[in-house]
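Protein chains in written order, with our numbering: chain A, 1 to 337; chain B, 1 to 337; chain C, 1 to 337; chain D, 1 to 337.
If a hint is listed, it holds; no wrong ones were tucked in.
Derived list of chain C stretches under chain D, where covered just means 3 residues or more per stretch with a C-beta under 8 Å from a C-beta of chain D: (1) 183 to 195; (2) 310 to 324.
Calculated lysine to aspartate or glutamate pairs in the DMTMM-like style (CA-CA distance at most 20 Å, straight line): (3) K70(B) <-> E35(D); (4) K7(A) <-> D219(C); (5) K19(B) <-> E308(A); (6) K45(D) <-> D61(B); (7) K29(B) <-> E27(D); (8) K45(D) <-> E8(B); (9) K45(B) <-> E35(D); (10) K45(C) <-> E35(A); (11) K67(A) <-> E8(C); (12) K7(A) <-> E79(C); (13) K70(A) <-> E35(C); (14) K149(D) <-> D176(D); (15) K67(B) <-> D61(D); (16) K67(C) <-> D55(A); (17) K7(B) <-> E75(D); (18) K45(C) <-> E8(A); (19) K67(A) <-> E35(C); (20) K7(C) <-> E27(A); (21) K67(D) <-> D61(B).
From chain B, some residues computed to sit far from chain A (all C-beta separations above 12 Å): (22) Q97; (23) A120; (24) E152; (25) K206.
Rather than coming from a laboratory, the hints here were simulated on the basis of the structure. Quick reminder that beta carbons are idealized off the backbone N, C-alpha and C, glycines included.
Number of protein chains: 4
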Amino acid sequence: MLIVMHKEAGDRELDAVIKRIEAHGWEAKPIPGGERTAVGVLRNKGPLDPAMFLDLPGVRDVIPVSKPYKLVSREMRPENTVVRLGRGSDAVEIGGQQLVVMAGPCAVESENQALEIAHAVKEAGARLFRGGAFKPRSSPYSFQGLGLKGLEILAKVREETGLFIVTEATDHEVCDMVEDFTDIIQIGTRNMQNYRLLRRAGQAKKPVLLKRGMWATMDEFLMAAEYIMSEGNDQVMLCERGIRTFTTHSRNTLDANAIPYMRNESHLPIVVDPSHAAGRRDQVIPLARAAAAMGVDALMVEVHTHPEQALSDGPQSLYPEQFHELVTGLRNMNISV
Amino acid sequence: MLIVMHKEAGDRELDAVIKRIEAHGWEAKPIPGGERTAVGVLRNKGPLDPAMFLDLPGVRDVIPVSKPYKLVSREMRPENTVVRLGRGSDAVEIGGQQLVVMAGPCAVESENQALEIAHAVKEAGARLFRGGAFKPRSSPYSFQGLGLKGLEILAKVREETGLFIVTEATDHEVCDMVEDFTDIIQIGTRNMQNYRLLRRAGQAKKPVLLKRGMWATMDEFLMAAEYIMSEGNDQVMLCERGIRTFTTHSRNTLDANAIPYMRNESHLPIVVDPSHAAGRRDQVIPLARAAAAMGVDALMVEVHTHPEQALSDGPQSLYPEQFHELVTGLRNMNISV
Amino acid sequence: MLIVMHKEAGDRELDAVIKRIEAHGWEAKPIPGGERTAVGVLRNKGPLDPAMFLDLPGVRDVIPVSKPYKLVSREMRPENTVVRLGRGSDAVEIGGQQLVVMAGPCAVESENQALEIAHAVKEAGARLFRGGAFKPRSSPYSFQGLGLKGLEILAKVREETGLFIVTEATDHEVCDMVEDFTDIIQIGTRNMQNYRLLRRAGQAKKPVLLKRGMWATMDEFLMAAEYIMSEGNDQVMLCERGIRTFTTHSRNTLDANAIPYMRNESHLPIVVDPSHAAGRRDQVIPLARAAAAMGVDALMVEVHTHPEQALSDGPQSLYPEQFHELVTGLRNMNISV
Amino acid sequence: MLIVMHKEAGDRELDAVIKRIEAHGWEAKPIPGGERTAVGVLRNKGPLDPAMFLDLPGVRDVIPVSKPYKLVSREMRPENTVVRLGRGSDAVEIGGQQLVVMAGPCAVESENQALEIAHAVKEAGARLFRGGAFKPRSSPYSFQGLGLKGLEILAKVREETGLFIVTEATDHEVCDMVEDFTDIIQIGTRNMQNYRLLRRAGQAKKPVLLKRGMWATMDEFLMAAEYIMSEGNDQVMLCERGIRTFTTHSRNTLDANAIPYMRNESHLPIVVDPSHAAGRRDQVIPLARAAAAMGVDALMVEVHTHPEQALSDGPQSLYPEQFHELVTGLRNMNISV
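For reference, chain A alone in the conformation it holds in the complex (with noise of 0.2 Å):
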C-alpha cells in the first residue's frame, strides 16, 4: 500500500498517517518526493483496503501494491499445475501438452439422451463429458435438473464410453453427492463467491474446476481459487466463461485477455467455456478457436443430438457434426486435440 500527500501537506498530517499504520502494527516508509511525500505499508499481512487512509487530512490518494492471493501464484510455483484424471494409456492430463475437450449437454435429461450425446462427442475427440444433474436457474419455474438420478446417468456415461465426467455442485451439500460420482467437481459462475461452497471443494478429494463470476475481476477470480486451496486441495482449474459488458450482440463477452494474464499471475490449468461465453450457436466455434489459439489448456462445450428440444441451453448448444468439425478444424490448425 502507498499513501500518497497532498502537495500542501505538513509534518502534522504525515505523523497521522504513519501513527495509524504503526497503530496497527506495520511499518511506515515515508518517500520523499519532488514535489509531495508518499508513505509505503511495509509488514502488513494481506492487502489493505485504500479507504482506511482515504478519510485522514492531507492524504490524496491510496494505493494498493500487493496481490491479495499466494497459493494460486506462479510466483509462489513456478512450474505449471497439471490436473490428472486416471491412470495409464487412458489418463488424461489437464495442463499438459495437449489441448483437452470436454463436451456435452447443458443438463443431463435421461439416460437415452446423455448416451447418445455421449458417443456422438466421443467420437469426435472429447475426452470428458460434461452435463448437469443440478441445475442453478435464474426462474424458479424451470427445469432444475434431475438430481441425484443425474449423478447415476453420469456414471453409466462414464462405464459405458470411458468419458470422464464432470459436473456442477450447486451448494456444500450437494457437493457431498457430487463428489461421489464425478471425476471433477464444477463450481458455477453465480457461486464463485459462496465461500461455504468453496471451503467444501476445497475439503474434496477430487479436482476442482472454477468458473469466473461474470462481474469477477482478476483479483477475486483467483482469490476464489485461493479460499479452495487453502483447505488443502491444489487440483484446480480456472475457467474463463465469459463477463457481463454493455454489449448486447452475445449473451456475455469472453474476456480473451484474461488468457495471457492468468497465465503468467497462476499456475494453474485454464479452460474456456465458449457456449456460455457466447449464449448464441454462431459464435462458439469462432470463440472455441480463438482460445485454443491462445493455448488454454481445455475447452469445455456444450454439444446436444436435439438442441431444439433441449430443457437448458439448447440454442447455445453445438450439433454434433458442427463439434466435429470444431475439432477437425483445431487439428487443422495443427494444435493437439
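Following the hints, complete the assembly by docking chains B, C and D onto the known chain A.
For chains B, C and D alone, coordinates are given in the frame of chain A:
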C-alpha cells in the same frame, strides 16, 4: 417473443419458424410488414430464450417481449407492499410514509461495540440496527464474523435499545439460525443467485431484504425476488447497493436510474445502501441524500464509533456525528425520517 | 509510478529497472520491503505509462501514482471556480450559492418553438436556455439541426426573455460561429476527446460546459478539461450526463459517485444533465432531485412543449408543467433555485 | 418497433397509442395476445426511439425491431466487400483469401525510425505500414505527431519498401492532407462519432479503416460506417480494437464475440488491432492469434525497434523478432499470411 425474418426469407424459412413454435405447443402469429415479416410467439408460459430461433435459416433477429417475473410485478399488484415490524407506537413501516433508516457496523465485533454504536444511531434517528454475525469475505484469511455469538449480541441490542434487527444469512443452514434471532433476514449481493438460499428465505416467517448482485440486470434482480415470493414469502425488500462499472473512483456505482425503474415495475419497498455503493466514507452522505431525494423507502448505512479499528469495511463507515449530520440534513430537505 | 519487483528478482533485474528509469532522465528510488523490493520513479513530468516497465524481467506489477492533470486540480487551486454571466441584478453565478437551472429543447426547431419553450422555462425558474443549433446525430439520415439559423433564433430568445444561452459547438469551425452567439459553449459527450475542438474552446472568450464522454474515467474527463484550460480559458464546467454500463433499463447510468469525487478533486463547477442520463422522461425528475441533493452547481434539463413532435430526443423531454413541478420540488427540499 | 401494453390497458389507452403512431404517418398493427395486446409500428423509415411511446398511459414496454443501418448490412449486399490496393503481383486484397498484416510504430518519429521498422516488418510478412503523423493524445502536454513531415516520411517508406500506407486523419481538415499521402485513411476510436470527419472520409477517394469506439455497441459502430458509406465511399473496413469493461488487467478488452457477429451482419472486411486491445506487450501475440483463428481479414500490429524510447505507446509495441515470431506462428496454424 418476436422473430424478425430476413428481407429475402421466403415461405420455406417462414414455415420452419412456425413449425418450431408449434412444436413447443405455442401459437405462431405472422406479422407481414413493408420490407419483411415478423412472427410473434403467443401462449408460451414464461419468457423464451432468443437463441432458440437464431439458428434457423432466414431468421435475422429474435426479440424478447415478455418480462420473466410475475409476483413481484406492479402489474400483478398495483398498490405498494408495506413491510411492518412491531406493533403500536413502536411499529416501523418500510414502504410507508416515512424514510426508515437502518444503521450499524459492517460486522458485530463485541457486545460493547454493538451497544455503543446502537445507542448512537438510535439517538440520531435510526429505527433498525444492522450488523453482520456471519460475514462473506473475499479472502479466506479475513475475519469471518462471530457467528452464533454475534446473533446473541444482536438480540441483546434489540432488548436494550428497542431497535429492530437486520442481519445477513450467508447460506441456507445459517438461515435457520438467523431467522430465530433477527427481524429482517438480509441476503447479500454475492448470494443474489444462490437459489437454495433464496428458496429457504422464501419459507421463512420473517421479511427478507434482498441485495442486488453487483452485476445483475433489473430482470435478474426481480427474478431473484420472484424466487423468494414463489415460496410464499411476500415480505421482500429490494436493496440497490451499487453495480460494477468501468469506473475506478468508487468501489461501485450507485445505479440511481434503477430507483424510479423499480418503483414503476414493482410494488416492493426499495432500500438503498450508500455505504457499499460508495466504498469510501467521503461519498456516503452525498449518495444517501441522493437516494432520499428520489423517494426510497429505507436507507441502510454503516456507522462505527471506531472505524479505524473495525474488523471489516471500516473505511466506508460513518462516524456517529456524521450519521447524525446526515439525518439532520435529510430532515432539512423536508424528508420525514 | 511504483515498480513492484518479483520476490525472486535479484540485483541484475533491479539494476535494469533503475537503468531504464535513469535513461529517461528520471530518478529511481528503491524501497526494500519484507518480501520484495519496489522502485519509485521520481522527477518525471506528467504521468507515465505502466506498460513501459512491464516487459522487464523481474517486474511483477507497475502502479501509477501521479494524477495526470494539474490546472483543473483542487490541489492547484483550493477555492471553487465561479462562472459568472452578465452583471448586476441579472447576473448568474454557476458555482455560487444558488443551484442554476438550464432548460430547453434538445434542438432548436423554429423561432416559435424556441420562444414558447423559453418563456415557459423562464417562468418556472430557469436562468439559461439550452437548445442545439448543430446536432451530432448517430444516423446520417436524421435531422442535423438548423445551423446558423438556429443560432440566430437563440439570440432572439436571449433578447426577448433575458435568459442566457448555452449551445453546442460540434467542431472547431462551428465553434467560431457558436462563440459569437452564445453565452456558454457546450462540448458534447462524443467530442470529449476531440482535441482540436478542445483547444479551440480553450482559446474562446466564453465559458465552456464540457460533457463527460459516456465511457470516460474521471482521469480522462479531467484531462479533457485540462486541454481547455491549458489554452488559457479557466471558465470550464464539468457536466456529468451518464455513463455506459451493462444495464438496459435506462439509456445511460448517472454516475452519482462522480459528484462528490469531482468536488474533492477539482475546483470547477459541476453540472448534471439528468435528461441524457435517463433517456426516458419517467426517470428525469428523480435524477434531477438526486443531483440537487448532492449539491451540484447547475442542472441542464430538456423541456419541450410538444415532445411527441420533437425532431430530436423528444421522449426524454419534460413537459413544461413537469419542469415546473421539478423546480417547485427542489425548493421544497430547501434548495435555493 | 413493438409497443407492449399493460394487462389492464383498455381500448382508450390502445387508441391513444395508435393515434400517436398514425400522427407520424406510420401504420399501427395491433397484435392481440393471450394476456395483453402489443402494437407493431410499420412503414416507418429508419429506427424509432423507444422512449417515444413509453410515456403513454397503459404502455408497459417498447421494443425496437429494425436495425438502424442499411448500406453496411449483409442483407443489402450478401457477398463480401474486398478492398484492393495496387495492381498486379503487388496488389493486396483485404477481405480476400489471405490474412493481411499491417504493422509499424504507433507514431512516425523520424525517417530513420520509420524506415528501419518498415524494412523489419516487411521482411517478416507485413503488407502495409502503419504509423501516425497526427496523434490524438489524452494529455495536452504529450507528443502530438510530426504532422505534414510525418506524412512525407510515410511516402518515403512506401517508395523505398513497396509497403502500402495506413495513417490516421484526426479531423476533417487533416483528412485533406492525409488523403493525398496515404493508401488507407484511418479513423481513430475517439473519432468514431465525429460526424464531420466521417462525412469527409465518405467523400474521399481512398479506402477507410474505421476503428470502433471503445464504448460503442455494434449498432453504433455499424452506423458510423453507414455515415461514411452514405457519402458514396463503399471501401470501408471495420476495426475492432478493444472495448471498455470493468476489468483492470488490460487496457481494453478485445470483444472477440463481435468478430462472428460482424461477419454475419455486414459484408465489410474485419480488421483487429490486438495492440490497443491489450495495451501491454505480453498480451498482443495471444490476441493476434485469437483474431486470426476467428478468420479476420487483417491484423494491425504495433512494432517498434526501440519501444523503450518510443514517443507514444512503446510499451504495447512488439519487438521485430516478436513480430516475426507472431507471423511464423500464424503460418504454423495454416493461416495464409
